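**Student:** With chain A held as given, fit chain B onto it using these hints.
Protein sequences appear in the order of chains A and B.
If you read the first sequence in my numbering, its first letter stands for residue -8, the second for the next number, and so on.
If you read the second sequence in my numbering, its first letter stands for residue 141, the second for the next number, and so on.
Worth flagging that the hints you see were computed from the coordinates, not collected in a lab.
These figures come from a predicted structure and were not determined experimentally.
Be aware that a few hints might be false.
As the list claims (entries may be wrong) - In silico SDA-like cross-links for lysine to any residue, where the CA-CA straight-line distance does not exceed 25 Å: (1) A:K170 <-> A:R238; (2) A:K(-6) <-> A:T267; (3) A:K258 <-> B:S190; (4) A:K0 <-> A:D57; (5) A:K258 <-> B:K344; (6) B:K397 <-> A:T307; (7) A:K258 <-> B:D359; (8) A:K258 <-> B:Y234; (9) B:K397 <-> A:E128; (10) A:K258 <-> B:R452.
As the list claims (entries may be wrong) - Short derived list, chain A residues pointing at chain B, Cβ under 10 Å: (11) A51; (12) D212; (13) A296.
C-beta: ideal position from N, C-alpha, C; glycine also.
So you can see what is in the structure, the chains are spelled out below.
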Amino acid sequence: MTKPLISVKDLTLRFRTDEGLVTAVNNVSFDIAPGEVLGLVGESGSGKSVTAKSLMMLNAENSVYDESSKITLCVDDQEHDVLSLKRPRDQMIIRGGAISMIFQEPMASFAPALTIGDQMVEQLMIHSDMTAAEAKEVSIEMLNHVGIPEPAQRFGQYAFEFSGGMRQRAMIAMALSTKPRLLIADEPTTALDVTIQAQVIELMKDLVDEYHMSILFITHDLGVIAQTADRVAVMYLGNLVETGTVRQVINSPAHPYTRGLLNSLPKLDDLEAPLTPVPGDIPSPLDRPSGCVFHTRCVESGEIADKCRTEIPLDTIDNASHQVACHLATQGDPA
Amino acid sequence: MSDVLIRANNLSVHFPLSRLGFGERPVVRACEGINIEIEKGSFFGLVGESGSGKTTLGRAMLKAAPISHGEVIYTDDEVTYDLGSLQGDELKDYRKRSQLIFQDPYAALSPRMTVRDIIAEPLEVMGLTSSREETDTRVREIADLCRLNLEHLRRFPHAFSGGQRQRISIARALVSGPKFIVADESVAALDVSIQADVLNLLNKIQRDSGITFLFISHDLSVIAHTCDFVAVMYLGQIVESAPTRKLFSETSHPYTKALLSAIPSLDPDVRGHAQRLEGEIPSPINPPPGCRFNTRCPQAQERCRSEVPEWREMSSGHHVACHFSEELA
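Chain A extracted, bound-state conformation (with noise of 0.2 Å):
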């Protein structure tokens, strides 16, 4: 087995505010490797952006970092320590360098004051040796690869005269242009519709088999997950609750939770199936609930519901590769 591109271990992070720690995200620990795709799913508030934003350390200034977190990020046989690059010398690695990031809303990620081209030139002369003029060579075959018509005219528009889609290729010719090992993608399709959706995702997987890229993908749509990535994990109010591969986590969820937001999705092979949502709200991150933290909202913890409201429940892993945070998994409960 080849090493893991970047490996997440113990990840904790708490945000220091008035109302004093609030945990963000609680003993994660995850590995992609080259070339994989892996999905993070879970609601809004779940903390998939905030775990994302920990690999790039863009995290606001109140974050705190636990002692045993770990993240190493191996390019080239080397490894770096994450968590330890302090100055923004050093930071340039995870931010544009080995690791790039695509942003939700495309229209507030591009400054709206310069124009698309300088905004790529600018981060290609930071991150290569490049001169300006080469950079803007660069550019524009980035946008025309992307499926940008007219690239060369383009590359002097501003954000406001592109198109939501085009925005958004535009936003991946950028984050490619310096050649990332990991891509960062934070719910890139939510706010685009449908057609334009799938037009986003089959470019992002061509572009991931023509660079042999990483990527982690955040989407709260099981939909999306299933046509891109390879693993899944599940997150819910900080803690990873289930990971595997896509076809064990899509086809035989293990955790009430990933069953819940199956439940809920409309399926259009099953008009009559009733749309069952997971009861209640997630919770509020200062007020998290004790043992295993969806017990609040857990439908089938039944006779053992004691045991979910006062134990932990630790990583089962069914076969290989699928791990689940259950305790009912752990009685070998028929899921």
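**Tutor:** Just chain B, lined up with the frame of chain A:
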């Protein structure tokens, strides 16, 4: 048919833009020649991409967008209104009978009003209740219907999650006792499990109270689950409409087909089968001649570029505007 609640006949909504230099004033043709009938007590779905004119059509049905040509007729047990010429007291009365639920529950609620005041405001503005006690009773009834706790009524919107806020918006729309509600992308901003919860709530309200819904969404899978009847919109025109089941089993327009296949499948083994739709929706200022979908249609032929397809009935209740529907079906 007598049990049609609201009907649009050849409805067009145009927004003139300011003149650029000389020549004709450019016009955004947001809706063009729309014919729809929404039956009483039905859940009518309207689907299409951004920029297809769904919202404008929904607003025209509420007389919140200008009606440039054609007419919109509203008929219930008590009154009949022609929305184009509606004004004064009649318009005020129509505002009680029709309501709108917005997309973004974070932007739709005033942060400076308590939930009780938000829900009570329509009652006070419309003069539906005469005393504070009456208002409070009515607010409590509606809050209960929308599964809001009574203690929630004293709080401000910031204390609530997206799903709870959307339930507050629904309560506000319901409080004046409307007959017709336009729900504009009301679940688009919500998480899937919350989305399921809000959809179930809307369906329950429709079943229990017989309110007619116009449900606008870009997501066909959501429409499929909630609506009885679906109209598909593209660039200001309805391209296909049918009872939900029929639309999915006998899809006759290439655009509807493309929308259906663009929904990501939940089966990881079925990948890359999407019939991809190239390009993006053209500008409604200068729509393509002939069939408006011809620039993106995989089946487009010469005829589609010159001749506007007729709005014709394929089978009972199933209409489509495409020259080649027979070959596609």
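**Student:** For each hint, tell me whether it holds in the structure or not.
**Tutor:** Structure-based check of each hint:
no. : hint               : in the structure
1   : A:K170 <-> A:R238  : 29 Å, violated
2   : A:K(-6) <-> A:T267 : 41 Å, violated
3   : A:K258 <-> B:S190  : 22 Å, holds
4   : A:K0 <-> A:D57     : 11 Å, holds
5   : A:K258 <-> B:K344  : 19 Å, holds
6   : B:K397 <-> A:T307  : 43 Å, violated
7   : A:K258 <-> B:D359  : 12 Å, holds
8   : A:K258 <-> B:Y234  : 37 Å, violated
9   : B:K397 <-> A:E128  : 39 Å, violated
10  : A:K258 <-> B:R452  : 30 Å, violated
11  : A51                : 20 Å, violated
12  : D212               : 7 Å, holds
13  : A296               : 20 Å, violated
Consistency note: the structure conflicts with the earlier hints numbered 1, 2, 6, 8, 9, 10, 11, 13.
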